[in-house]
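Chains Y and D are the protein sequences, given in the same order.
Take 0 as the starting number for the first sequence in numbering that gives the first Met the number 0 and just add one per residue.
Take 0 as the starting number for the second sequence in numbering that gives the first Met the number 0 and just add one per residue.
Treat the hints as calculated values from the structure; they're not laboratory data.
Because the structure is a prediction, the values reported are computed rather than measured.
Cβ coordinates follow ideal geometry from the N, Cα and C atoms, glycine included.
Where hints are given, some of them may not hold.
Far from chain D by the CB rule (all over 12 Å, computed), these chain Y residues [claimed, not checked]:
#, residue
1, Pro269
2, Thr343
3, Val355
Between beta-carbon pairs, the in silico distance windows are [to be verified]:
#, chain 1, residue 1, chain 2, residue 2, range
4, Y, Gly249, D, Asp20, 14 to 22 Å
5, D, Arg62, Y, Leu411, 35 to 43 Å
6, Y, Leu332, D, Gly48, 26 to 34 Å
7, Y, Gln306, D, Tyr6, 28 to 36 Å
8, D, Arg62, Y, Asp165, 35 to 43 Å
9, D, Thr35, Y, Leu333, 45 to 53 Å
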Amino acid sequence: MSKHYSALALARHALDPDLPWPRAWEKPTPKSSYDVVIVGGGGHGLATAYYLAKNHGITNVAVIERNYIGSGNVGRNTTLIRSNYMMGGNTAFFEHSLKLWEGLSHDLNFNCMVSQRGQIVLAVSPVQMDVFARRGNIMRLNGIDAELLDPGEVRKLLPYLDWSKDARWPIHGAIMQPRAGTVRHDAVAWGYARAASALGVHIIENCEVTGFVIDDGKVSGVETSQGRINAGKVGIAVAGHTSHVAKMAGLRLPIESHILQAFVTEPIKPIVDHVVSWGAELFYLSQSDKGGLVFGAHIDGFNTYTQRGQFNRIQTVAECAVSLMPFISRLRLLRHWGGIQDMTPDGSPFICRTEVKNLYLNGGWCYQGFKATPASGWTFSHTIANDQEHELVRDFGLDRFEKGRELDEFGLGNWTYKQ
Amino acid sequence: MMIPCPYCGDRDVSEFRYGGDATKQRPQHGTGDLKTWHDYYFLFDNPKGPHTEYWQHVLGCRRWFKLARNTATNEIGGVVS
Ligand SMILES: Cc1cc2nc3c(=O)[nH]c(=O)nc-3n(C[C@H](O)[C@H](O)[C@H](O)COP(=O)(O)OP(=O)(O)OC[C@H]3O[C@@H](n4cnc5c(N)ncnc54)[C@H](O)[C@@H]3O)c2cc1C
Ligand SMILES: [Zn+2]
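Produce the complete structure using the sequences and hints provided.
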């Protein structure tokens, strides 16, 4: 039995197939009390528990997940990571996240298959190239990699796009972040769970939090489907269910829950070597290791907690794909699925204290929570351990709308997804 | 999902625009209290369950109406007058 994964361990297990691999993380019975309870065992909850133990020495921690690890958005997203942000409150946070991704497999001793294949965002008008140039300059001033590509350079990298004269959306160039890419999302959940468990964190699956124990404005535990669990501090990291769970603590939040779908085609030979995003519509794709083209797009557009997508979104996505790459018009979509995500007025998240003492919030991730996972865990664990927001998330507060400090990365105004 | 437009009958959701929670009460005109406006504009109950909401038949008769729908199942309860 090798606890540590290595080439040597692999060889040993190959030579002796009867030797069982140890289970990746323990399945403990819940204790009656923990120093910290994290509600939600997605990427953010698990990363938070891991960094609580690793960075802050707090190991008496439970992650309480109502389903199984990896069943939420951490296992449903389109696996894209990048840090091409330009607002002050975002750049340093997302760049910190990308740096953590770069060392994550070694840190966790788990191959997360971090693939920095580069993200190329296509401009479909000269004006968009100007906007990209501005973004690229701001990124570079912040020490983030960015390259502006002219159409000739894009064509060399992406010869398979529609370069014909009568293309519906002629390509005027692109902005590229070479260090962006993809990560095997399930491995992120498993890797964090295994590493946190090794440091003593209890991961409790199939246990739903149904209420909070609050006295005098201070939380002291959670009610769960397996009984009451006392806690010194409680962190909420439940992705699309933030409003629903926070309501149990009496909080009303600037969030609506929406469904986002993802799509994958039948497998084809390797052709798409990057993450390619389109400037004409929110649409992007990459090719999975199995060969399927993975498409991402807009939310369906009305609030819902059902993980069932609407047909009209499938249609739009197919139209985008064929407009960009006409040669795939006869490919079949194999699967599509949905995940529920928090939508916030300005499209930015929350990592902060709440009006309930010792209760902390991590939510509102909109489209961007997967790439944020390592930095989210890093900063949320700090916020919980110190009862004080980490400096990287000082602009992710719940009070930013009241103060006129919206973090509106695209300069589009509030609730744009509803327009 | 099919949405029952009160004028056109059941039509596909793709013909409609969603208008959000219809139970919110707009503060009185002239209310100076910013907190009241903040809560009205930014905060949502966002319930998992029954919800009354606005829809507009934007690619049809363009009528606005209120609809009862369950956000946990997408089951339509019908038009609310
Ligand atoms: C289709 C799709 C594509 C996406 N693509 C990308 C992308 O390419 N790049 C990117 O950066 N982001 C992407 N995102 C967003 C990203 O996936 C999420 O923001 C992120 O995964 C959310 O954090 P999480 O991993 O902790 O969520 P989750 O994995 O959803 O974890 C939350 C957990 O909380 C649990 N929970 C809920 N209620 C309770 C309760 N009462 N008690 C106990 N547990 C509870 C849930 O079961 C769930 O497991 C995408 C999202 C979707 C849906
Ligand atoms: Zn109508």
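Quiz prompt | chain D versus Thr343(Y) - minimum CB to CB distance exceeding 12 Å, so not interface | solution = violated (9 Å)
Quiz item: Holds or violated: 35 to 43 Å for the Cβ distance of Arg62(D) and Leu411(Y)?
Solution: violated (27 Å)
Quiz item: Taking the CB of Leu332(Y) and the CB of Gly48(D), does the distance hold inside 26 to 34 Å?
Solution: holds (32 Å)
Quiz item: How does the Cβ-Cβ distance of Thr35(D) and Leu333(Y) compare with 45 to 53 Å: does it lie in that range?
Solution: holds (50 Å)
Quiz item: Do the Cβ positions of Gly249(Y) and Asp20(D) conform to the proposed distance bound of 14 to 22 Å?
Solution: holds (19 Å)
Quiz item: Would you say Pro269(Y) is clear of chain D, with no C-beta pair closer than or equal to 12 Å?
Solution: holds (34 Å)
Self-check item: Whether the CB-CB distance between Arg62(D) and Asp165(Y) falls inside 35 to 43 Å
Solution: At roughly 39 Å between Cβ atoms, Asp165(Y) and Arg62(D) fall inside 35 to 43 Å, so the hint holds.
Exercise. Please confirm whether Val355(Y) is truly not at the interface, meaning its C-beta sits more than 12 Å away from all C-beta atoms of chain D.
Key: holds (16 Å)
Exercise. With respect to the beta-carbon atoms only, verify the hint that Gln306(Y) and Tyr6(D) lie 28 to 36 Å apart.
Key: Roughly 32 Å apart at Cβ, these two residues keep to the hinted range, so it holds.
Of the numbered hints given earlier, the model fails hints 2, 5; all others are met.
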